[in-house]
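For what it's worth, numbering that gives the first Met the number 0 labels the leading residue of the sequence shown as 0, then goes sequentially.
Simulated from the structure, these hints should not be mistaken for laboratory data.
All residues carry an ideal CB built from backbone N, CA and C; glycine is no exception.
Any given hint could turn out to be false.
What the hints assert, rightly or not - Simulated DEER-style distance windows between Cβ atoms: (1) Asp714 <-> Pro137: 25 to 33 Å; (2) Lys83 <-> Ala20: 25 to 33 Å; (3) Glu1004 <-> Leu552: 52 to 60 Å; (4) Lys889 <-> Thr465: 39 to 47 Å.
As the list claims (entries may be wrong) - Listed below are the simulated DSS-like cross-link pairs for lysine-lysine, each with C-alpha atoms no more than 25 Å apart in a straight line: (5) Lys881 <-> Lys976; (6) Lys829 <-> Lys869; (7) Lys985 <-> Lys727; (8) Lys741 <-> Lys730; (9) Lys727 <-> Lys717.
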Amino acid sequence: MMERERLVLPSSDPLDLPLRAVELGCSGRWELVNVPGAPESTLPHSLLPCALDLQQEAEQLFLSSPAWLPLHDLEHSARKCQRKMDPWALLALVGAPVPSDLQAQRHPTTGHILGYKEVLLENTDLSATTSLSLRRPPGPISQPLWGNPTQYPFWPGGMDEPTITDLSTQVEAEEEIDFERDLLTIPPGFKKGVDFAPKDHPAPAPGLLSLSHLLEPLDLGGGDEDEKEAMEQPEEARCIPGGLGPQSQPCLNLAFSLLPCKPHEEKQAILHLERHDSVFVAAHTSAGKTVVAEYAIALAQKHMTRTIYTSPIKALSNQKFRDFRNTFGDVGLLTGDVQLHSEASCLIMTTEILRSMLYSGSDVIRDLEWVIFDEVHYINDAERGVVWEEVLIMLPEHVSVILLSATVPNALEFADWIGRLKRRQIYVISTVARPVPLEHYLFTGNSPKTQGELFLLLDSQGAFHTKGYYAAVEAKKERMSKHAQTFGAKQPTHQGGPAQDRGVYLSLLASLRNRAQLPVVVFTFSRGRCDEQASGLTSLDLTTSSEKSEIHLFLQRCLARLRGSDRQLPQVLHMSELLHRGLGVHHSGILPILKEIVEMLFSRGLVKVLFATETFAMGVNMPARTVVFDSMRKHDGSTFRDLLPGEYVQMAGRAGRRGLDPTGTVILLCKGRVPEMVDLHRMMTGKPSQLQSQFRLTYTMILNLLRVDALRVEDMMKRSFSEFPSRKDSKAHEEALAELTKKLGALEEPDLTGQLVDLPDYYTWGEELTETRSLIQQRVLESVNGLKSLSAGRVVVVKNKEHHNALGVILQVSSNSTSRLFTTLVLCDKPTSEDPQQRGLASPGVPYPDDLVGFKLFLPEGPCDHTVAKLQPRDVAAITTKVLRVNGEKILEDFSRRQQLKFKKDPPVAAVTAAVQELLRLSQAHPAGPPTLDPVNDLQLKDMLVVEGGLRARKLEELIREAQCVHSPRFPAQYLKLRERMQVQKEMERLHFLLSDQSLLLLPEYHQRVEVLRTLGYVDEAGTVKLAGRVACAMSSHELLLTELMFDNALSALRPEEIAALLSGLVCQSPGDIGEQLPSTLKQGVERVRAVAKRIGEVQVACGLNQTVEEFVGELNFGLVGVVYEWARGMPFSELAGLSGTPEGLVVRCIQRLAEMCRSLRGAARLVGEPVLGAKMETAATLLRRDIVFAASLYTQ
0 MMERERLVLP SSDPLDLPLR AVELGCSGRW ELVNVPGAPE STLPHSLLPC
50 ALDLQQEAEQ LFLSSPAWLP LHDLEHSARK CQRKMDPWAL LALVGAPVPS
100 DLQAQRHPTT GHILGYKEVL LENTDLSATT SLSLRRPPGP ISQPLWGNPT
150 QYPFWPGGMD EPTITDLSTQ VEAEEEIDFE RDLLTIPPGF KKGVDFAPKD
200 HPAPAPGLLS LSHLLEPLDL GGGDEDEKEA MEQPEEARCI PGGLGPQSQP
250 CLNLAFSLLP CKPHEEKQAI LHLERHDSVF VAAHTSAGKT VVAEYAIALA
300 QKHMTRTIYT SPIKALSNQK FRDFRNTFGD VGLLTGDVQL HSEASCLIMT
350 TEILRSMLYS GSDVIRDLEW VIFDEVHYIN DAERGVVWEE VLIMLPEHVS
400 VILLSATVPN ALEFADWIGR LKRRQIYVIS TVARPVPLEH YLFTGNSPKT
450 QGELFLLLDS QGAFHTKGYY AAVEAKKERM SKHAQTFGAK QPTHQGGPAQ
500 DRGVYLSLLA SLRNRAQLPV VVFTFSRGRC DEQASGLTSL DLTTSSEKSE
550 IHLFLQRCLA RLRGSDRQLP QVLHMSELLH RGLGVHHSGI LPILKEIVEM
600 LFSRGLVKVL FATETFAMGV NMPARTVVFD SMRKHDGSTF RDLLPGEYVQ
650 MAGRAGRRGL DPTGTVILLC KGRVPEMVDL HRMMTGKPSQ LQSQFRLTYT
700 MILNLLRVDA LRVEDMMKRS FSEFPSRKDS KAHEEALAEL TKKLGALEEP
750 DLTGQLVDLP DYYTWGEELT ETRSLIQQRV LESVNGLKSL SAGRVVVVKN
800 KEHHNALGVI LQVSSNSTSR LFTTLVLCDK PTSEDPQQRG LASPGVPYPD
850 DLVGFKLFLP EGPCDHTVAK LQPRDVAAIT TKVLRVNGEK ILEDFSRRQQ
900 LKFKKDPPVA AVTAAVQELL RLSQAHPAGP PTLDPVNDLQ LKDMLVVEGG
950 LRARKLEELI REAQCVHSPR FPAQYLKLRE RMQVQKEMER LHFLLSDQSL
1000 LLLPEYHQRV EVLRTLGYVD EAGTVKLAGR VACAMSSHEL LLTELMFDNA
1050 LSALRPEEIA ALLSGLVCQS PGDIGEQLPS TLKQGVERVR AVAKRIGEVQ
1100 VACGLNQTVE EFVGELNFGL VGVVYEWARG MPFSELAGLS GTPEGLVVRC
1150 IQRLAEMCRS LRGAARLVGE PVLGAKMETA ATLLRRDIVF AASLYTQ
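Construct all of the structure, not just a fragment, from the sequences and the given hints.
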């Protein structure tokens, strides 16, 4: 039998097992180690448990491996370490702000410190979210440049800051407390208190000093004098020396010129900068406007302050960055997609970025000394002109402005507005003549006789040559007649096709080349025609071999930064071929990097002929020897029209290089018939367009101002350039109002007792009856039947300044429908004075019921006379039923003859006498007025206003007839007193209205837009901006639509590339169809965006705005949705260009603006706590920013 082996069993005591339990961390996890011993822990006994990365550990232990969690006793899975309580830590508070400071007192001559004085500090608890003061602490160090939408802007210069009295204005809930008498001296429950009354100090004993007497002379900053100084200081600060106060001139025109031959006058302009004055330089192109800006930048660097240079377009900002960086070095650039050297002393940016910085309270504004506005005449732009006005209004008081503009006729008026706005003098500096004079020619064609001939139309002295014009007309007729003989056709009225254009340009450019008048800029008002004209000149080569080599090397160096496929784009290859031959194209459809290449080569003189659109003349400083106009007509978005004088001067100003050319040449091509001389004269010699306000209300502006309690949208509207004509007389209105108030107080009160109780009602009824009849008559004269009735021979009642209810007969009616005049023979008194101004003057007396109900026709008191007057429609008080047979021409001829001195005493002809006698007979037969045409029954007017007005007039007539005051013997005297008093009160009400917010032109629209915001939940009933409104403030455009899409979660469920594709409909400028090959998600997204836009449009219409729902939805263009979607998915740009017929430059511009919108949405998503949407917008912006679309500008390298 086998012997079994004895098994040794382990001990039943766990401590005897050859294992050891080890606790890992503080999560409650245990492990067994094959080493005998007592349980241990990895945590030290004397320290609190800690982990290096608690979030990562929690993800690994509990999220990625949930099996590690214990199955039972979850409440004991985490260890707790009891911390030692420290109640005193709760009492640690931030120190209170220092209430006072020491101010050194210096000798006025030597500057030595004489002593110190303690002064009280005001507003020591300010912050960027509660105050507009420059004394508030700076914002976070992460937001010194752009600011934050939650911060307040700085106080705009020119606005009166609220005084202590305004801030302490008592509201209804506050209790009025008299701090002199109402304060308690005995606390409740106490028997004794503190006596604050001053006491007489007893005389100290001999040899002792009184401590209270010693402390009295010390100035502790709490005296009455200091309080008085603190109260007066803000008042003094608002009175700027040399500012535009009530007694000072609004603007001073120094009539300086910035001509290169007069450096002394340039020094005068710079002298004002040394005095920290604001200047407005309105000068021709190449007149030296940039010198003023450069000197201001140098001054800022000397003063260790900052300057901001704003431009209307991004291309000009890039050019100025390169120029100023080469000159000053310390220059930064801020555009929508580029931020370079933001800490520099001179920052170049677009005006929209400066507006955003002002609204967001950027700390850059603190150190700002100058803001330079280039191309100020861009304020006339209907879409973006409002930005200039907003920035000028919002700039703080310590910032001076420099305005650079082309010559404008109303420079003084614009400077007057800014001077009154900022309460400082604006010195206007304007040029009288161009530095390089221009000569304007006509070119009629490429015939052998006229191919080298230019017909001078306007010489360098500004003289218009009609001889040259008629010579051009004859040359054109001769060529057209030969054309008709050859082809048997009539003179063409169009400009011909590409073949004719090619022949004209080959002939013209050959002539200019022989005359050494290259380079030339050809302005063509169509992107397609620019490309056609440049492509048609295949046989033209204007460069030498050395120039071709230089162009080739420059192109290779610039295009090396592009990826391989982008260098083979058709537009890149085509432009390279044109540039090698000295030709170039510049318009918005060209890729940005190609436009910069063309500009740089043109500035070097390597591009000899440049075909460009109007945008090339906007600020881009690229002068040429000659400028050619392909046509004098352009399409302005709605219709074809002739060029305006300002547009022509802006483009013609590119001709003539300062210091190189004695004169500049401007040529107008006459491909068809020669334009009319009147049109040419008006275009070439007319005045440029005036600076006009394009101020309009936007939701961003309203929300940014509503979130700041101290600023009002009404104040912004008051200070706009559009309100300036009506607001500049505010001081005169205030003075007139004060005078009328004194006059009203001195007037005697009318006696309204007895029968005169209804005298005020009688006066009111009479005024209302007169106003009602006037409104009815106005509608009659605006109607077709009413104008038909006012034909020759019609008898009318005339009422104006010269005639009061006098009968007249119409002799002649003008044919001008816009300003119709009625030549009328009117009865009047025989004049007793030779002064024609005294003829027929009549002042109405006290009106009785018969006078008010009827017309009480004028009857001459002595010999009857007549006159012939040209009446406006408003001068016709009534149209009678009488028609006379008169010979109007004969009466007018006789009256005109008798106005001459030698025929003055001749008797009138029989036709005049007969008409006067008939009018006099009607006046005597109907002293209360002859029968008049009824507007409803006779003239068939069914207008509600006319019908209701007629009923109201009859009711008022009944009330006037029943009045009792007219039976009192005191009626005439008391009526005159009452009328004088009521007229004064009416004038005071008019002045009060002009001075109030109710007279603002945009006030109704403001209330409508606020109602829209209230309906959508952006502001509450009290006008407080809610969360949705704060999100909309962070949007640069389409603020309502983007905010609604965000709060409706319309974007959160989409992928980043789909969000980018949908948002392209908000920034795309070229209309088009969305296409059929889009994914269903995008099609549904487009429909949802349109539905949200339709809902917003319906709310706007319901609130009274004029924009229809179709117009609001029509602003969205989804033509590039597919293009942007494929670009965000990584498709190369070479393949992208074939998906749409949109020019490459417009596609690039759309994607660039889309990336800016994605960044705005990213910030808004973070503001509302949407990290998922914020991450998607960050990803979308990253997907868009690549390759040729976001290639760095050549000007910044």
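Exercise for the section: Run the structure past the numbered hints and jot down the numbers of the failing ones, going up. Expected result: 5
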